[in-house]
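Visitor: Since the structure of chain A is already known, use the hints to place chain B on it.
The listed protein sequences correspond, in order, to chains A and B. When we follow the working numbering, the leftmost residue of the first sequence carries the number 1, and every step to the right adds one. When we follow the working numbering, the leftmost residue of the second sequence carries the number 1001, and every step to the right adds one.
Among the clues, some could well be false.
To give an idea of the interface, some chain A residues facing chain B are shown, with a C-beta separation under 8 Å as derived from the structure [said to hold, decoys possible]: (1) R6; (2) I14; (3) V19.
Rather than coming from a laboratory, the hints here were simulated on the basis of the structure. It should be emphasised that the depicted structure is a prediction, and the values quoted were computed from it without experimental measurement. Note that beta-carbon positions come from the ideal geometry of N, C-alpha and C, so glycine has one too.
These are the residues of each chain, in order.
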Amino acid sequence: MKKEERLHRLFGEIDDDLVADAAAKPIPLKVWLPRVTAAVAAVALTVGLAVAQPWATEKPPVTGTDTTTTTRAEDDETDGNRGDTTTTTTVQQDAPDVNPGTPVDTAPAIQDPSHVAPPKPTGGTPTTSAEWNPDIWYEQKWDEKPMWQRYPDFERFEIGNYIVYETTVDAAKVGEYLQDVNLHGYDNYTQTPYDEIGKIYRIEGINDTAAVALQYPGRKDYFPAVNTKYSPATLGDLINDLNLRENIRIGTVYYSYHDENGRIHDKEYAGLTVEKMWELLLSDTTLPNVADQPIDWTHKVAFRIDLPLLGITNLGVPLSEDGYIRIHLMGMEKIFHIGKDKVDAFMEYVEENCRLQKDDQLIALPGDTTDPNQGTTMTSPAQPPIVTGTTMQKPR
Amino acid sequence: MDDKRIVELFFQRDEQALTETRQKYSRYLHRVAHNILQNAQDAEECVSDTYLRAWNAIPPHRPSRLSVYLGKITRHLALDRYAALTADKRGGGTTADILEEWRDALPDGGGDPADDLAVRDALNRFLRQLPADKRRTFIRRYWYGDTIAAIAADSHATESAVKMTLSRTRDELKTFLEKEGIAL
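Pulled out of the complex, with its shape left as it was, chain A reads as follows:
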């Protein structure tokens, strides 16, 4: 692969927060247009007053401005931007005022719907959700956001980037003070950056390079913050660093399969104990973390776990046909090869000893008008694309 091609592809590995930050923040034409028109009007009025003479027979020039709202759809069609930014011209119609003369921030062509404010309809405050553009998600204003949304992450030099979870850590589990950290936030409505200093503490029994407790300024509670760069060398390191023997809770075991008609069948079992999970799957703590190696993954079964101390709930842990277990925790994958025999033994144990909670639930295919499980008419035909298999390649 050529250098430039390789680099271009590796741009795909730019950190998510940087990519999200660079995404479209639409220029609200209806916000800056009035400022422009006001300025033009002011100049025109000044000119008009300067030239008008009480004895003049000519009428002063018309100083009104064109208030026709242009939309992004009128932009250059050749670059393909046309059309998908039409709605953005009304997005921040009622955004907080920007001082006249304040340069409007950049507004890229691609709009990331996850942090764009919805348009307000011209008729006033909407009374139904149908009046909101369904493509736009409403982002809360700065003072409406909880602290963990205002400052969702922070850096620890040479350790990693920590993301904050919205639950709180039991104060009894919070240990020694570690350090102050810089917190950076950004108000998309006013394009205003914010900075604060937070304090991080050790969580009892947990390696601080994996997770810490964050205390925001002026608050007494603590939020779990996990290091997205945390990568244990072995399964034992993972178990010890996160004190999994004390902290893990286990949920159901589930898997899906396709029949000859392409229908997806779901099965779910309850009643697997944590002790059995350790015994069947995680007994060999010397297993190395092989997440950085290419693995062809054929999914077999998964189970759910919670780590309440860190605010992690309902995390799916899949097992592959070839005996890999994948734990995608805290922004990075941890993969261990426990062996095909263990996975097979696990499946056998679950099917013989656990309670079948969801029995062969059929998923409707696109175009189905009746519920395949009950034969009743559905209110609308199933729409999703046909999932042709659960085989997947190890994601990059």
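Guide: Chain B only, in chain A's frame:
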């Protein structure tokens, strides 16, 4: 529907997740793909593949930023398709221009190529120390594939100014990688 709820639907294997994802992100993903491929049909196929990939990957993945997570999948798929198309002498447009920009900027030689993780880490460190506007211009051009004209229009700058910013940033990245001992 907010992203957290959509991800929960994926975890519940509720295919409403796909409906909601399409409704919320189809335009965004089309733009990412179209910027690379400059072809609506190819872009459409990449976006459809993105939904399937997301269905297969969530769970166990629980993306913290669903938009970027999906966008990365789409970008990756689009680049694969672009590589195939250009091998057949089709395609071009913005991606070809971007590669041309870097072809001139990157030095020849430089020793054994560093592994992807090293390049990725260096790239992110470089970007984090840039001023925000410069970084955003860089990412919009080289991650999102926006045209110079589009970036200029949205930042109320001239195309020349945007080109100059990008050119300087490319040089800075080149110098940064050389100092870090990172060869491509």
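Visitor: Against this structure, judge whether each hint is valid.
Guide: Going down the list of hints, with the structure as the test:
For R6(A), the interface hint holds, the least distance from its beta-carbon to any beta-carbon of chain B being 6 Å, beneath 8 Å. The beta carbon of I14(A) is positioned within 8 Å of a beta carbon in chain B (closest approach about 6 Å), and the interface hint is therefore held. This hint holds: V19(A) has a C-beta 5 Å from the nearest C-beta of chain B, less than the 8 Å allowed.
Figure legend: structure checked against the earlier numbered hints; every hint is met.
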